[in-house]
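Enquirer: Under full-length UniProt numbering, the first residue of the sequence shown is numbered 1, with each subsequent residue one higher.
Just so you know, the hints here were simulated from the structure itself, not pulled from any lab data.
Where is the CB? At the ideal position from N, CA and C, for every residue including glycine.
Just so you know, not all the hints are guaranteed correct.
Pair ranges (Cβ atoms, derived) [what the hints assert, rightly or not]:
no.	residue 1	residue 2	range
1	R116	R95	30 to 40 Å
2	D76	E135	18 to 28 Å
3	E107	E149	30 to 40 Å
4	P29	F128	28 to 38 Å
5	A123	R95	18 to 28 Å
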Amino acid sequence: MNDLDGYTLHESVPAPEEYMALREAAGMPARSLEGARAGLPNTVYGVSVRRDRAGDDHPRGDTDGELVGMGRVVGDGGTTYVLSDVAVDPAVQGRGLGTRITEALVEWVDEHAPSRAYVTLVADVEGFYERFGFERTAPDSHAMFRRVE
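Given these sequences and hints, build the entire structure.
Expert: Shown next as structure tokens:
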């Protein structure tokens, strides 16, 4: 656990319901509760940031231990890793929580992934991940996705 001035980073993933609520608050695409229940336990490494103390700056009210940020590493544990679900509640953005979440994920990958492992992510924030050593793949390759409806 790491103190972040009123917030603590825990090496754990949130409960599926918390995960869903944080994704919604952060404006990220919805996932199904069924998918969250199946997928979160298969996380290779995950972190959650929770509020340490009550405060007046959160519009939805405040309780100790409230989830305000998270991030996960998913993959096969050997050749392929994906940074996923890096999210911070907009009500507390700008405090370095997203940076600390990403640092924790990258540090874990650097310590645990074998050499030549491939680490990817899909970035929704322009210019954020380059400081952690990530490079754009275009024009050599192109990110693609397919969503199951």
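Enquirer: Work down the list of hints and note, for each, if the structure agrees.
Expert: Do the hints match the structure? See the list:
For R116 paired with R95, a C-beta distance near 35 Å keeps the hint of 30 to 40 Å intact. For the hinted restraint 18 to 28 Å between D76 and E135, the CB-CB distance of approximately 22 Å keeps it satisfied. In this structure, E107 and E149 meet the distance hint of 30 to 40 Å, their C-beta atoms being roughly 36 Å apart. The given range of 28 to 38 Å is broken by P29 and F128, whose C-beta atoms sit roughly 18 Å from each other.
Evaluation of the 18 to 28 Å hint for A123 and R95 yields a pass: the beta carbon distance comes to about 20 Å.
Hint check: a violation occurs at hint 4 only; the rest are consistent with the structure.
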